[in-house]
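Engineer: Sequence:
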Amino acid sequence: MTQEHQTEPADEFELEHFERNRYFQGKLMTAHDMSTEQKYHASRLETVTRLVTGTGIVSGLSIIDFDYEDGELHVTIGPGVAIDGDGRPIVVRTPTTRTIPTGDGNYVSLYITYDEESKDPVPVPGVEATDGEESQESRVLEIFELVATETPPNSRKTPPLVDLPDLDNADEYSTLADHIVDSYHEAHRERAASSANPGVFLGAFERLPDGEWQVDDDETKRHPFVYDNDMLFSLFLSLLVATDGAHGGDERRPGVEYLESELDQLGQFANQIQGLELDVSELRTAIDETEDTVRTEFQDALESTETELRTEIETAENDLYESIESTRAALRSDVEQLQDALQTQAELNAYQSLKMAIRCFDDAAATFDHQGAVSKLSLGVVEAAREAIAEEADRDAAEYRAFVSSVTDDLESLTGVLERAATDESYNQFARTVSSLEDVRTDDGSFVELVAAFDRVCQTATLLEPQYEIQPEG
1482 MTQEHQTEPA
1492 DEFELEHFER
1502 NRYFQGKLMT
1512 AHDMSTEQKY
1522 HASRLETVTR
1532 LVTGTGIVSG
1542 LSIIDFDYED
1552 GELHVTIGPG
1562 VAIDGDGRPI
1572 VVRTPTTRTI
1582 PTGDGNYVSL
1592 YITYDEESKD
1602 PVPVPGVEAT
1612 DGEESQESRV
1622 LEIFELVATE
1632 TPPNSRKTPP
1642 LVDLPDLDNA
1652 DEYSTLADHI
1662 VDSYHEAHRE
1672 RAASSANPGV
1682 FLGAFERLPD
1692 GEWQVDDDET
1702 KRHPFVYDND
1712 MLFSLFLSLL
1722 VATDGAHGGD
1732 ERRPGVEYLE
1742 SELDQLGQFA
1752 NQIQGLELDV
1762 SELRTAIDET
1772 EDTVRTEFQD
1782 ALESTETELR
1792 TEIETAENDL
1802 YESIESTRAA
1812 LRSDVEQLQD
1822 ALQTQAELNA
1832 YQSLKMAIRC
1842 FDDAAATFDH
1852 QGAVSKLSLG
1862 VVEAAREAIA
1872 EEADRDAAEY
1882 RAFVSSVTDD
1892 LESLTGVLER
1902 AATDESYNQF
1912 ARTVSSLEDV
1922 RTDDGSFVEL
1932 VAAFDRVCQT
1942 ATLLEPQYEI
1952 QPEG
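Be aware that the sequence shown starts at 1482, since it is given in the working numbering, and climbs by one per residue.
All clues given are correct.
Result set (DSS-like, lysine-lysine): computed pairs, CA atoms no more than 30 Å apart in a straight line:
{"hint": "1", "residue 1": "K1520", "residue 2": "K1508"}
{"hint": "2", "residue 1": "K1520", "residue 2": "K1600"}
{"hint": "3", "residue 1": "K1857", "residue 2": "K1836"}
{"hint": "4", "residue 1": "K1508", "residue 2": "K1600"}
For the record, the hints were derived by calculation from the structure and aren't laboratory data.
Build out the structure end to end from the sequences listed, making use of the hints.
Structural biologist: Okay, here's the thing in structure tokens:
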């Protein structure tokens, strides 16, 4: 067997005084104080439970299933509560299955024991850990463990025997009660016995000659139970009824008649409770049916609403898409119309700039007819403008740009000869517009920008004034 009961036996149950914290304002509390507080409550409860309630199974913890396979027993116990030999409660919340190696022996005894495990680690800032850990578990969970041995249980829990006096010789019930209590106390309470094995026996298994295993019913039925108040009261009632029947006939004590009356009332109450339970069951069934109906109707309504909303959303999306497409088409049409209008206006402005070039530079040639170079260059621009009109350069941006490029050299040359021939103010205006035209042309400015720049050159050409030399009086 690899699974053993790891419990150190104690020779006797050592009684201790209970020690608790004394609180006062300003007291420094440490983990030791908290542990002392928990130990105080646990020790009191365990001592009273151990000496008054006793050890054994409180409820449940039956062996509900077991299976033998590959040298191991797979044992399932039901949920329940037990109190171990140290007075500690052991709780099993749900059906639990454990695997127990059988070894080479032919017998296995199963115990449930108290155990603990730490959980929920938390950091411990500002404290140097002695074990190298930077965190500590913040909770202790009280759990259980199933422990197996290869021997039958050493002892069984048996009801204590009390030396009863002769009932016929008892003068008073109080005297009889005192005698019974004194006898029990002297026999079973003079010394608090220690439990070498605090585990609670649950059952036993034995190997059959064919190698299979079965529950040892004789031993399992002897697993210890806690004698609670309900059990003792039931036994007391049973004893009274049996004793009354033994007296026979009409020889009934008044207490028995009262007891039977109370039992009849309890039976009536039980019948009423059963009727109420039936009504509650029917009401619960009706509630469940109504809940199912409401849930179905709600689900149908939800699906219908979801379908309607989805349809409305799809319709709205389609309408929005159509509206967007319609707006986009309208905007596209407006943009195209605007572009056409701008193109038409640009072509008109280009034509007017060519006409203005003919008029302005023809006037400049006439104004500077005494300056042969100025007049010649101005007439060159006029001739180029006439050719551009004849070739409809105003209707094509590329052709117009080629025209401007063709007259750039003449305009720059004209600027050079005008520096001495024209007044400073008119010359500077003309030179600035020619420079701006060159910037627009070299920077690939738009058709509209190029037309506007050339138009300003033509306007400043009409403002050119010749510079006359002043002759001294003779």
